[in-house]
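Trainee: If you want the building blocks of each chain, they are given just below.
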Amino acid sequence: MGFIGKGLFDGMVVTARNFVGSYFDRERLVTVQYPEERVQVPENSRTFPFLVFDEDKDPVGTMRCVACKICEVECPPQCIYIVMDRDEKGKPQQRPKVFDIDISVCMQCQICVEVCPFDAIKMDNDYEKSQYGRFDELVEHLPDLLKSNEYYNRIKPTEASRVDAKLKADKEKKAKKAAPAAPKPAAAPAPKPAPAAAKITIPEDAPFTPEQREWLGKFLVTAPVGVASTAATPAAGQPAAPVAGSAPAGNWPWHDPALGMQQRLDLAKNKPLADLLMAAMAQTDCHACGYDCRGYADAIAAGTETDLSLCLPGEAETENMLKRLMEGSGKV
Amino acid sequence: MIQPLTEEKRYTLTPGSEGLIETQTLEVSIGPQHPSTHGVFRMDCTLDGETVVALKPVMGYLHRNHEQLAERMVWLGSMPYTDRLDYFCSMTNNWAYALAVEKLTGIKVPERADYIRVIMSELTRLQNHTCVIGFMLQDLGAWGTPLLYAFRERERILDVFEAVSGSRMMCNYMRFGGVRVNMTENDLAAAKDIVARYPRFLDEFEKLLTTNEVLLMRTQRIGVLPKELAINASITGPMARASGVEYDVRKVDNYGVYGRFDFRVPVGDAGDVYDRYYVRVLEMRESIKILQQALRDIPQGPHIAPEVKLRNFKIPPGDGYGRIEAPKGELGFYLVSDEGGKQPYRYHVRPPSFINLTTLEDMCLGHKVADVVIILGSIDIVLGEVDR
Chain A
10 MGFIGKGLFD GMVVTARNFV GSYFDRERLV TVQYPEERVQ VPENSRTFPF LVFDEDKDPV
70 GTMRCVACKI CEVECPPQCI YIVMDRDEKG KPQQRPKVFD IDISVCMQCQ ICVEVCPFDA
130 IKMDNDYEKS QYGRFDELVE HLPDLLKSNE YYNRIKPTEA SRVDAKLKAD KEKKAKKAAP
190 AAPKPAAAPA PKPAPAAAKI TIPEDAPFTP EQREWLGKFL VTAPVGVAST AATPAAGQPA
250 APVAGSAPAG NWPWHDPALG MQQRLDLAKN KPLADLLMAA MAQTDCHACG YDCRGYADAI
310 AAGTETDLSL CLPGEAETEN MLKRLMEGSG KV
Chain B
61 MIQPLTEEKR YTLTPGSEGL IETQTLEVSI GPQHPSTHGV FRMDCTLDGE TVVALKPVMG
121 YLHRNHEQLA ERMVWLGSMP YTDRLDYFCS MTNNWAYALA VEKLTGIKVP ERADYIRVIM
181 SELTRLQNHT CVIGFMLQDL GAWGTPLLYA FRERERILDV FEAVSGSRMM CNYMRFGGVR
241 VNMTENDLAA AKDIVARYPR FLDEFEKLLT TNEVLLMRTQ RIGVLPKELA INASITGPMA
301 RASGVEYDVR KVDNYGVYGR FDFRVPVGDA GDVYDRYYVR VLEMRESIKI LQQALRDIPQ
361 GPHIAPEVKL RNFKIPPGDG YGRIEAPKGE LGFYLVSDEG GKQPYRYHVR PPSFINLTTL
421 EDMCLGHKVA DVVIILGSID IVLGEVDR
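Chain order of the listed sequences is A and B. Residues in the first sequence are numbered consecutively from 10, following the working numbering. Residues in the second sequence are numbered consecutively from 61, following the working numbering.
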């Protein structure tokens with residue numbers, strides 16, 4: 010220790026060094042003139058969730074979300090609201106009609122992203138979300154939330170490429186799984202899509218725009234009985250013929266989310282209880298119940314799972330059907 | 061409010077002089093909207109002149125029902141809410157909760173995850189202690205300078221948190237059985253860079269403060285907390301250690317991989333505000349030692365136990381208490397699981413700053429009002445944790 014006031018003097022030296030240094034040394038001047046200058050946010054940085062779609066031409070059609078509602082259930086502050094899309098007959102469309110996120114409630118915890126089995130919801134890093142109001146302005150609806158996979162790749166290259174690789178691998182696996190099943194019923198369903206498509210053509214003078222026409226054409230090919238979706242699907246009229254006996258793994262004609270409940274049950278008619286139960290489910294394999302569709306059906310049939318309300322995408326329809334089936338079986 | 065005169069409340073200012081002056085006590089309510097209370101916290105002081113004769117802390121302005129909320133939520137759901145307890149140290153809050161669940165279920169944490177947790181919580185300790193010293197000096201009237209230096213250094217640490225976990229303060233990084241994402245080599249390099257640079261900053265910071273005459277006069281022999289009282293009131297953390305209690309959960313429990321590191325626990329003897337300041341500085345130096353060892357030894361491997369399910373996570377019936385040495389003291393989570401096992405039946409937090417706050421009156425009696433502010437600052441409270 011030296012003279013009285015040395016501590017003060019030393020402190021002043023430090024302050025002076027910092028003051029002068031801030032003109033020369035980036036270490037000592039860390040502020041950024043925000044609206045003009047911006048700091049690059051790290052790749053992992055997160056703000057609010059968005060929904061990923063694959064192709065720019067058709068955001069709604071190619072979005073990955075299947076409205077399984079897992080995120081809605083798991084969201085800690087309950088800021089997500091989903092309504093599944095249905096056509097005029099009430100058949101589920103495997104995509105959300107309403108997908109709202111209240112970003113004034115959202116706490117950016119990323120749990121929706123972690124639990125999503127379809128890689129459909131991801132975290133954005135856009136931090137400029139200020140609005141002039143506190144209520145409707147801060148609720149994001151489906152059109153605001155939809156962002157392309159290309160955008161996702163741009164903001165989070167590493168994570169997005171990993172997700173893309175995983176989705177590609179899954180797709181290939183699925184294709185491989187479907188391939189061995191094809192030879193058996195190949196003779197019957199293979200030529201079917203063609204006549205179906207040929208039979209229903211949209212008249213030239215029908216009042217449709219080209220996009221609507223394209224969509225309708227696709228819809229008319231795929232929609233009736235889901236002919237094009239799996240090779241193993243027989244026509245509705247002859248359900249039991251090609252897949253008699255206990256269906257081998259992966260060979261469940263009703264395991265097609267495009268089918269309606271009644272069609273699925275028809276396909277599973279006269280099958281063991283587990284198959285009927287499975288047919289009552291939403292067929293998304295979303296794991297919302299903790300199993301895939303097959304596993305949940307087996308667990309209910311075996312009596313290890315007693316909760317019939319776990320199928321989130323199937324909503325009340327599935328729950329009621331499961332109850333009816335279980336009552337019919339005399340197990341409940 | 062001026063109180064009506066009663067016989068007991070009569071004080072004499074100048075005993076021995078002829079005409080005794082009758083004085084009255086004055087009740088002053090400091091807070092809840094007051095910059096020196098570090099949040100929405102109120103102190104009902106009774107003053108005789110400028111001297112405190114009674115002080116009643118009033119809490120609960122920031123109560124958000126954290127414990128009850130957690131009992132209505134799945135186990136994972138309350139993890140992001142723990143960030144909001146002590147919002148300066150979300151990493152250590154996450155760890156305490158994850159540790160309690162891991163104790164309940166017996167999940168084994170991979171080695172790398174344990175190292176990452178040590179790195180993250182020691183970085184948290186660095187930034188918390190740096191900032192608390194800044195705030196304390198702010199309370200003393202050193203407007204801005206030390207606090208801004210502290211925030212400048214904190215920024216660098218928060219940058220690492222953001223790069224690793226995605227968020228600067230609400231990290232939500234730990235998971236049952238590990239951490240959410242692995243630390244990349246870049247992140248480790250950034251952490252190493254901070255650790256290499258920190259001693260230089262600490263030296264400068266100490267030069268600014270430790271021997272400063274004004275600081276010495278304002279903090280020495282102020283707000284003394286005797287060792288016996290610290291033990292009896294179950295004070296933990298730097299506050300207890302400043303009073304001479306050798307108690308550090310890192311040493312007592314050796315949770316995680318703390319048993320492997322060579323570090324010492326600084327202990328003060330006077331138990332005044334200055335000791336609380338200096339114990340924190342020394343603790344930061346020990347944290348740097350731990351960080352150097354952890355960053356050197358971190359093994360490769362998985363960052364999370366593979367058997368842990370994210371959804372439908374169930375815990376068999378039982379209860380468990382997980383505790384860690386958070387920057388503010390012993391942070392514990394007491395969890396009870398019942399038959400269903402999907403949600404906690406009981407979820408209780410032992411918040412260090414709430415319990416440390418209980419001795420506020422004992423420390424303040426006999427001091428001036430201006431000292432109350434600095435004594436409160438030296439406890440290091442965060443109201444998110446006090447009120448929950």
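You may find that some hints are simply not true.
The calculated DSSO-like cross-link candidates involving lysine-lysine, where the alpha carbons are at most 27 angstroms apart (straight line), are [stated by the list, open to error]: (1) A:K332 <-> B:K252; (2) B:K116 <-> B:K287; (3) A:K66 <-> A:K175; (4) A:K180 <-> B:K252; (5) A:K66 <-> A:K278; (6) B:K163 <-> B:K311; (7) A:K156 <-> A:K106; (8) A:K15 <-> B:K267; (9) B:K252 <-> A:K183; (10) B:K349 <-> B:K252; (11) B:K369 <-> A:K182; (12) B:K116 <-> A:K177; (13) B:K252 <-> B:K311; (14) A:K175 <-> B:K349; (15) A:K332 <-> B:K374.
In silico negatives: residues of chain A with every beta carbon more than 10 angstroms from chain B [unchecked claim]: (16) G16; (17) D19; (18) Y43; (19) E46; (20) E83; (21) P85; (22) V148; (23) E181; (24) E220; (25) G299.
These are computed hints drawn from the structure, not numbers from a lab. Built from N, CA and C at the ideal position, the CB exists for glycine as well.
Trainee: Give a verdict on every hint.
Mentor: Comparing the hints with the structure gives:
1. For a cut-off of 27 angstroms, the pair hint linking K332 of chain A to K252 of chain B is broken: about 59 angstroms separates their Cα positions.
2. Of the pairs offered as hints, the one joining K116 of chain B and K287 of chain B holds, with about 22 angstroms between alpha carbons and a cut-off of 27 angstroms not exceeded.
3. Proximity of K66 of chain A to K175 of chain A is assessed by CA-CA distance (about 23 angstroms); at most 27 angstroms being required, the pair is judged to hold.
4. Taking the CA atoms of K180 of chain A and K252 of chain B, the gap is about 41 angstroms. The hint is violated against a cut of 27 angstroms.
5. Among the hinted pairs, K66 of chain A with K278 of chain A is inconsistent with the structure: their alpha-carbon atoms are about 40 angstroms apart, more than 27 angstroms.
6. Of the supplied pair hints, the one linking K163 of chain B and K311 of chain B holds, its CA atoms being roughly 18 angstroms apart against a limit of 27 angstroms.
7. For the hint pairing K156 of chain A with K106 of chain A, the CA-to-CA distance comes to about 16 angstroms; that is within 27 angstroms, so the pair holds.
8. For a cut-off of 27 angstroms, the pair hint linking K15 of chain A to K267 of chain B stands: about 10 angstroms separates their Cα positions.
9. Restraint check: the Cα-Cα separation between K252 of chain B and K183 of chain A comes to about 45 angstroms, which exceeds 27 angstroms; the hinted pair is violated.
10. A hinted pair counts as satisfied when its Cα atoms are at most 27 angstroms apart, and K349 of chain B with K252 of chain B qualifies at roughly 12 angstroms.
11. A distance of roughly 23 angstroms separates the Cα atoms of K369 of chain B and K182 of chain A; the hinted pair therefore holds under the 27 angstroms criterion.
12. About 64 angstroms separates the Cα atoms of K116 of chain B and K177 of chain A, which puts this hinted pair outside 27 angstroms; it is violated.
13. Taking the CA atoms of K252 of chain B and K311 of chain B, the gap is near 24 angstroms; set against the 27 angstroms cutoff, the hint holds.
14. Of the pairs offered as hints, the one joining K175 of chain A and K349 of chain B is violated, with about 41 angstroms between alpha carbons and a cut-off of 27 angstroms exceeded.
15. Among the hinted pairs, K332 of chain A with K374 of chain B is consistent with the structure: their alpha-carbon atoms are about 25 angstroms apart, no more than 27 angstroms.
16. The beta carbon of G16 of chain A sits about 4 angstroms from the closest Cβ of chain B, which is not more than 10 angstroms, so the claim that it is off the interface is violated.
17. Its closest Cβ contact with chain B, about 5 angstroms, brings D19 of chain A to no more than 10 angstroms, contrary to its assignment away from the interface.
18. Consistency note on Y43 of chain A: stated as away from chain B, and its beta-carbon is indeed over 10 angstroms from all of that chain's, at 14 angstroms minimum.
19. With 10 angstroms as the threshold on Cβ separation, the claim that E46 of chain A sits away from chain B holds: the shortest Cβ distance comes to roughly 15 angstroms.
20. Not every beta carbon of chain B lies more than 10 angstroms from that of E83 of chain A, the smallest distance being close to 7 angstroms; the non-interface claim is violated.
21. With a minimum CB-CB distance of about 4 angstroms to chain B, P85 of chain A fails to clear the 10 angstroms threshold, and the non-interface call is violated.
22. Its beta-carbon lying about 21 angstroms from the closest one in chain B, V148 of chain A satisfies the requirement of being farther than 10 angstroms from that chain.
23. With a minimum CB-CB distance of about 24 angstroms to chain B, E181 of chain A clears the 10 angstroms threshold, and the non-interface call stands.
24. The non-interface label for E220 of chain A is consistent with chain B: the shortest C-beta to C-beta separation is roughly 38 angstroms, beyond 10 angstroms.
25. Non-interface status of G299 of chain A relative to chain B is broken: a Cβ of that chain comes within 10 angstroms, the nearest being about 4 angstroms off.
In terms of the numbered hints stated before, the structure departs from hints 1, 4, 5, 9, 12, 14, 16, 17, 20, 21, 25, listed from lowest to highest.
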